[in-house]
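> With the sequences and hints as input, model every part of the structure.
Residue numbers for the sequence shown follow this note's numbering, so the first one is 327 and each next one is one higher.
Worth flagging that the hints you see were computed from the coordinates, not collected in a lab.
Don't take each hint at face value.
Restraint-style ranges between C-beta atoms, simulated for each label pair [to be verified]: (1) SER470 to PHE350: 52 to 58 Å; (2) ILE354 to MET382: 21 to 27 Å; (3) ASP362 to ASN417: 49 to 55 Å; (4) ARG475 to GLY393: 35 to 41 Å; (5) ASP359 to GLN442: 37 to 43 Å; (6) GLU449 to MET382: 44 to 50 Å; (7) SER346 to HIS390: 27 to 33 Å; (8) ASN417 to PRO360: 45 to 51 Å; (9) HIS390 to ARG426: 29 to 35 Å; (10) GLY393 to GLN416: 34 to 40 Å; (11) THR341 to GLU449: 57 to 63 Å; (12) SER346 to ALA436: 30 to 36 Å.
Calculated cross-link-like contacts (lysine to any residue; reagent style SDA-like; alpha-carbon spacing at most 25 Å) [unchecked claim]: (13) LYS435 to SER476; (14) LYS435 to VAL474; (15) LYS435 to LEU454; (16) LYS435 to ASN417; (17) LYS435 to ARG391.
Glycine residues also receive a C-beta, built at the ideal position from the N, C-alpha and C atoms.
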Amino acid sequence: MSKVLLRRLLFFLPTLVVISLLSFLISISAPGDPVDRLLPTAGTSGETGLVSKRIMEERQAMRHRLGLDLPAFYLSVSSLSMAAEMPDFQNPEEEEAWRRLTQLCGNAKAATNVYQAFDSWLELHAALDLSVLPDSAYLLVRQSSAIVRSLRQSGNTDLILSSI
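Okay, here's the thing in structure tokens:
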């Protein structure tokens, strides 16, 4: 019984792959465009062979909305969650922490926003006139600044993800 089940499984997987590839190739080689099926064409709007400028603009807008104006990438060397451009980092630990955070949350923009918020926080702390603060507030500001620096460098994902 197990041999029959194993043999059927071994035939099923390649068959599934071949059927998937064939259906993909057929859908790609079919005439027309998904936008042509969604929007009325020039022939149905009463025009004779000429496509109006309005219809062309609608098609372009629909192609942009559906993402059909972008190139199709089927294979990628890097993760899709990584941004094409990453922020400038002062040291490699921060860059590695940003990469880990981006891969963990799957959103490079959110990870970049967190690091920009860290930078803003540190700039704000640097601009404060700490001499006018009482000792307890001075210590609190110094400690919070140290915590933000260590978070930025360590990339403690549990704490950072709670702020996203």
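> Honestly, which of those hints from before does the structure not fit?
15
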